[in-house]
Every structure is written in C-alpha cells, then in structure tokens.
Amino acid sequence: MKIWEKIKQRPLLYVLLLSLVLRIIFLFVDYPLWWDSYVYVNMGKYIFSAGKLGIWESFRPLIHPFILGIFWKLGLTPLIWGKILDTVFSLMAIYLTYKIAEKIFNRKIAVITSLTFSLTPAFILINGLILTEPLAITLGLLGVWFALNRISSPKIFLAGFFLGLSFMTKFPQGILFGAVGLALLLQKDKWRQKIKILFFYTLGFSLTVIPYLLLNHHLYGNAFTPFTAGSWIVTTATWLYGSGIFFYFTHFFLQTPIYLFFFWYLYHFSKTKGWHDYRKLIIVLIPVLTIAYFLYVPRKEIRYLTTILPFMVMTVAYALNHFYTKIKHHPQPVITAKAFIILCTIFILVPLPHQLQIERAPTFDNELKSIVSEKNITGLILTSDPALVSIVDLPLVTLDNMDFAPQIFEREKHNYDLLFINYCDFNCPPNDETCQKAREDLLLKMHDSNEELFSKQFKFNNTGRICTYKVYLPKQHINNISDTTKTNE
Numbered sequence: 034m035k036i037w038e039k040i041k042q043r044p045l046l047y048v049l050l051l052s053l054v055l056r057i058i059f060l061f062v063d064y065p066l067w068w069d070s071y072v073y074v075n076m077g078k079y080i081f082s083a084g085k086l087g088i089w090e091s092f093r094p095l096i097h098p099f100i101l102g103i104f105w106k107l108g109l110t111p112l113i114w115g116k117i118l119d120t121v122f123s124l125m126a127i128y129l130t131y132k133i134a135e136k137i138f139n140r141k142i143a144v145i146t147s148l149t150f151s152l153t154p155a156f157i158l159i160n161g162l163i164l165t166e167p168l169a170i171t172l173g174l175l176g177v178w179f180a181l182n183r184i185s186s187p188k189i190f191l192a193g194f195f196l197g198l199s200f201m202t203k204f205p206q207g208i209l210f211g212a213v214g215l216a217l218l219l220q221k222d223k224w225r226q227k228i229k230i231l232f233f234y235t236l237g238f239s240l241t242v243i244p245y246l247l248l249n250h251h252l253y254g255n256a257f258t259p260f261t262a263g264s265w266i267v268t269t270a271t272w273l274y275g276s277g278i279f280f281y282f283t284h285f286f287l288q289t290p291i292y293l294f295f296f297w298y299l300y301h302f303s304k305t306k307g308w309h310d311y312r313k314l315i316i317v318l319i320p321v322l323t324i325a326y327f328l329y330v331p332r333k334e335i336r337y338l339t340t341i342l343p344f345m346v347m348t349v350a351y352a353l354n355h356f357y358t359k360i361k362h363h364p365q366p367v368i369t370a371k372a373f374i375i376l377c378t379i380f381i382l383v384p385l386p387h388q389l390q391i392e393r394a395p396t397f398d399n400e401l402k403s404i405v406s407e408k409n410i411t412g413l414i415l416t417s418d419p420a421l422v423s424i425v426d427l428p429l430v431t432l433d434n435m436d437f438a439p440q441i442f443e444r445e446k447h448n449y450d451l452l453f454i455n456y457c458d459f460n461c462p463p464n465d466e467t468c469q470k471a472r473e474d475l476l477l478k479m480h481d482s483n484e485e486l487f488s489k490q491f492k493f494n495n496t497g498r499i500c501t502y503k504v505y506l507p508k509q510h511i512n513n514i515s516d517t518t519k520t521n522e
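Under the working numbering, think of the first position of the sequence shown as 34, with each following residue one higher.
For the record, the hints were derived by calculation from the structure and aren't laboratory data.
In this text the structure is predicted, and so the values were computed from the model without any measurement.
Beta carbons: idealized from backbone N, C-alpha and C, even for Gly.
Careful: at least some of the hints might be erroneous.
Between beta-carbon pairs, the in silico distance windows are [as the list claims (entries may be wrong)]:
1. Leu50 / Leu413: 45 to 55 Å
2. Leu50 / Asp398: 29 to 39 Å
3. Ile228 / His387: 43 to 53 Å
4. Ile117 / Glu485: 37 to 47 Å
5. Glu473 / His301: 31 to 41 Å
6. Lys39 / Ile379: 42 to 52 Å
7. His447 / Leu246: 34 to 44 Å
8. Ile424 / His301: 31 to 41 Å
9. Pro386 / Trp89: 37 to 47 Å
Calculated lysine-lysine pairs in the DSSO-like style (CA-CA distance at most 30 Å, straight line) [as the list claims (entries may be wrong)]:
10. Lys402 / Lys503
11. Lys478 / Lys489
12. Lys141 / Lys478
13. Lys306 / Lys408
14. Lys306 / Lys361
15. Lys141 / Lys304
16. Lys492 / Lys408
17. Lys141 / Lys39
18. Lys141 / Lys106
19. Lys361 / Lys313
20. Lys446 / Lys141
21. Lys132 / Lys402
Make a model of the complete structure from these sequences and hints.
Given below as structure tokens:
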C-alpha cells in the first residue's frame with residue numbers, strides 16, 4: 034500500500050522509470066537496424082568529413098544526421114550513442130505528452146496517456162533503431178506545448194521554432210506546423226491580434242527553415258530539391274510496402290485495439306463542437322491531417338504513424354476515462370469498472386509480443402573486417418547495403434534498388450576497391466520481366482568483372498525468403514596486389 038501511495042503521489046516519475054526499464058531491456062535485445070538508420074549515420078560522417086567518408090542522400094532532413102555526426106567527430110560510436118539518444122528522446126516525449134495532456138484535460142487522463150503511449154508497440158519499436166522519429170516527436174511536442182499558450186508572443190514564437198526543428202528532422206512533421214497554424218487562424222481573436230500571433234509563429238518556423246532552403250539553393254541550384262526528391266522516392270518500390278485505403282486501420286488500429294477509441298473521440302469531438310476549444314482542436318487536427326496525408330502517399334508503413342501517437346493517445350485516454358466514469362456510476366452496467374480496466378489492459382499489453390517480434394538479419398562484421406584488413410582496402414566501397422558504416426570509415430556508394438543499381442554500377446565500375454551485395458536488395462516488381470532480366474544481367478556482370486571472396490545464404494523463417502550475400506574484389510585490385518607483392522620480392 035505504501036508503494037501504491039508513492040505512485041499516486043508521483044505518477045509521472047514511475048511511468049518514466051517503467052518506460053526506462055522497458056527500453057533498456059529492448060536495447061539489450063539489440064534488434065537489427067534498418068536501412069535508414071545506417072544512412073543517417075553515414076550522412077553524419079559525410080557532413081563532418083567534408084564529403085570524404087559516408088554517403089549523401091539529398092532528400093533526407095539534416096538535423097538527425099548532424100547530431101550523429103557530432104558524436105562520430107568526437108570519436109564516439111554513433112551506433113551506440115544513437116541508441117542512447119533514442120532512449121533519452123523517447124522519455125522526453127513521454128514526459129511532454131503527460132504535461133500536454135495534463136494541461137488540456139487533467140492529471141488522471143495525463144497518467145493514462147503517458148502510460149498507454151509508453152507501452153504502445155510502435156513507439157517501443159523505434160527505440161534504438163536510430164531513426165528520426167524519437168527526436169522529431171520530441172521537438173514536435175515541444176512546439177505544441179508552447180503553442181498551447183497562444184497569447185504569449187515569445188511562446189508562440191518558440192512554438193514555431195520547435196515545430197520548424199521537428200520539420201527539419203522529419204519533413205512530414207510540417208503537418209504539425211500547418212495544423213497548429215490552422216487552429217490559430219480559426220480562433221475568434223481580433224484580426225490585429227491574430228496577425229500578430231501568426232507573425233511570431235511563422236517567424237519562429239522560418240528561422241529554422243530558411244537557412245536550409247538557402248543551403249539547398251547553394252548545393253542543388255533549387256531550394257526545394259530535397260522535397261521534390263522525397264515526394265518522388267515514396268512513389269518507388271511501392272510493392273514492398275503496404276497499400277490500400279484501409280491499410281492503417283487493419284495494420285495499426287485493429288492490431289493495437291486500444292487506439293480504436295480514437296474514433297469514438299472524433300465522434301464525441303464533433304458532437305460536442307470541440308473545435309471551440311483551441312487546445313483540443315490541435316490534438317485532433319494533427320492526427321487527422323497526418324493520417325489523411327499518409328493515406329495519399331503510395332508507400333504505407335506503420336512507422337509513419339508513430340509521430341502522431343502522442344496526440345491520438347490523449348484522445349484515447351480521455352475516452353477510456355469517460356467510459357470508466359460512466360460504467361462506475363451506472364446502476365446496472367453491461368461490464369463492471371474492474372472488468373473494463375482489465376479489458377483495456379489486455380488491449381494495451383497483448384499486441385506487445387507479436388508486434389515486437391522481429392527476425393534478425395545476418396551480419397558479417399568479422400568477415401568484412403578481415404577482408405578489408407587483409408586486402409588493404411583503403412578506397413571506395415560499392416555496396417547494396419549501407420550497414421558497412423558500422424565497421425569501416427571509408428568512402429561508400431550505395432547501389433540502392435533496381436531503379437538505380439545498373440547505372441550506379443556502370444558509373445563506378447572502375448572506381449571501387451570492394452563490392453558488397455545482398456541479392457535481396459535488388460527487388461523487382463511482380464511479373465516485371467524487363468526488371469528481372471536487368472537484374473540477372475547486373476548480377477552476372479558483377480560476377481564476371483570481380484573475384485568472389487565471400488558468399489553466404491540466409492533464409493528468413495517469417496517469409497521463407499532466401500537472401501544471398503556476396504563480397505567481391507575487382508580483378509584490377511587483385512592485379513595491383515600481385516604487382517606489389519612481386520615488387521616486394
């Protein structure tokens with residue numbers, strides 16, 4: 034009972050402690066990093082080596098790679114510190130979600146909000162993957178926190194500033210800026226006051242974005258190149274991702290059923306004309322506009338919804354508290370209050386084991402380190418997988434997918450010292466015989482123009498897919514090694 038009393042007195046502290054323990058456990062599981070994770074680390078190297086190391090992808094925002102690059106420049110391992118930062122940002126996001134929910138609703142709803150958010154599988158999953166989401170969520174929540182006080186010019190300026198930083202971390206976060214701006218515009222303030230608020234709000238946002246646009250103009254000759262490139266990239270290889278208008282409903286809401294209460298809140302919000310409350314309007318506009326945008330985007334991933342989880346979970350917590358109160362005071366409820374709590378707990382906890390089960394892809398760090406050392410590889414590495422960043426500090430060019438791989442290989446065929454490929458990185462659309470032929474030609478050309486040093490196959494149990502991993506040395510490089518050996522003799 035004493036412990037329970039302590040928890041009731043300082044609920045946020047215990048939610049954060051529970052969240053920290055869960056995330057530390059998750060880090061020790063050491064799930065494999067994603068393609069994007071390695072790209073961000075590589076971009077950090079590129080920035081702080083003046084382009085001599087790492088890789089560059091113009092459509093990526095710069096803040097996350099810049100932070101990772103700082104750690105690399107300091108001699109720290111970004112693959113370790115990136116995971117630590119993920120945990121720190123995740124805890125900050127939980128803290129800010131609590132504070133915002135407490136300000137909009139009350140302390141009880143804030144506790145439900147932070148606990149449910151912390152235990153959401155999609156949110157736990159991104160912890161330790163060194164993706165942009167934890168930082169983007171935290172910066173977005175900071176912006177919304179300051180936006181709640183719209184009368185204060187300094188705070189509304191900071192709202193725009195932090196929402197700008199969130200946008201500069203993950204471009205779709207610009208929806209938050211638009212949603213808050215729309216909420217400000219819809220308020221019944223005098224026009225002079227409204228213009229003043231929107232001016233400071235836009236000024237804060239502009240201070241973070243304009244320097245980036247100027248940099249883009251300097252690098253590419255067009256300030257909007259990263260945005261147009263990003264808009265195009267999400268239309269490629271769509272067969273590898275989810276699709277359909279019901280994708281998010283079936284793959285997120287039905288598989289994380291506690292979030293189905295979000296739809297009840299939308300009904301309640303409409304029925305009670307909740308848009309008259311500026312703060313509640315914000316937490317509805319952000320998820321609604323974000324979901325609408327990602328329904329439009331051809332590629333669909335559950336990961337895309339993680340940035341709006343804090344706002345959806347506030348509405349879920351309100352709904353849970355609403356139903357619990359009605360059940361508790363109803364003379365003959367269909368379900369008891371305790372049974373309702375148990376049912377909600379099941380809805381929160383049951384999805385965790387299934388959604389956090391990820392099959393580990395193989396790594397060949399020791400083999401690749403040995404090859405780089407024995408063959409004295411000091412030049413460019415051509416690879417279909419940027420994961421090599423974890424073991425070498427050398428220039429890297431990625432082959433990407435079949436839209437680019439043949440052209441990149443042709444361009445770099447005389448420039449690289451080592452070639453590392455995973456056949457499964459060269460995917461073709463179903464029934465696309467032209468692509469299949471190009472793939473076969475590319476793999477044959479790679480085999481004929483290089484000396485194979487390493488080959489392994491791996492079967493993924495979840496999908497039954499078999500991937501072949503190969504390491505090649507250019508024949509020209511082998512001839513150079515032979516000439517050097519003869520000279521030394």
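Each hint tested on the structure:
| no. | hint | in the structure |
| --- | --- | --- |
| 1 | Leu50 / Leu413: 45 to 55 Å | holds, 47 Å |
| 2 | Leu50 / Asp398: 29 to 39 Å | holds, 34 Å |
| 3 | Ile228 / His387: 43 to 53 Å | holds, 51 Å |
| 4 | Ile117 / Glu485: 37 to 47 Å | holds, 38 Å |
| 5 | Glu473 / His301: 31 to 41 Å | violated, 57 Å |
| 6 | Lys39 / Ile379: 42 to 52 Å | violated, 26 Å |
| 7 | His447 / Leu246: 34 to 44 Å | holds, 37 Å |
| 8 | Ile424 / His301: 31 to 41 Å | violated, 53 Å |
| 9 | Pro386 / Trp89: 37 to 47 Å | holds, 39 Å |
| 10 | Lys402 / Lys503 | holds, 14 Å |
| 11 | Lys478 / Lys489 | holds, 19 Å |
| 12 | Lys141 / Lys478 | violated, 64 Å |
| 13 | Lys306 / Lys408 | violated, 70 Å |
| 14 | Lys306 / Lys361 | holds, 26 Å |
| 15 | Lys141 / Lys304 | holds, 23 Å |
| 16 | Lys492 / Lys408 | holds, 29 Å |
| 17 | Lys141 / Lys39 | holds, 15 Å |
| 18 | Lys141 / Lys106 | violated, 44 Å |
| 19 | Lys361 / Lys313 | holds, 25 Å |
| 20 | Lys446 / Lys141 | violated, 62 Å |
| 21 | Lys132 / Lys402 | violated, 47 Å |
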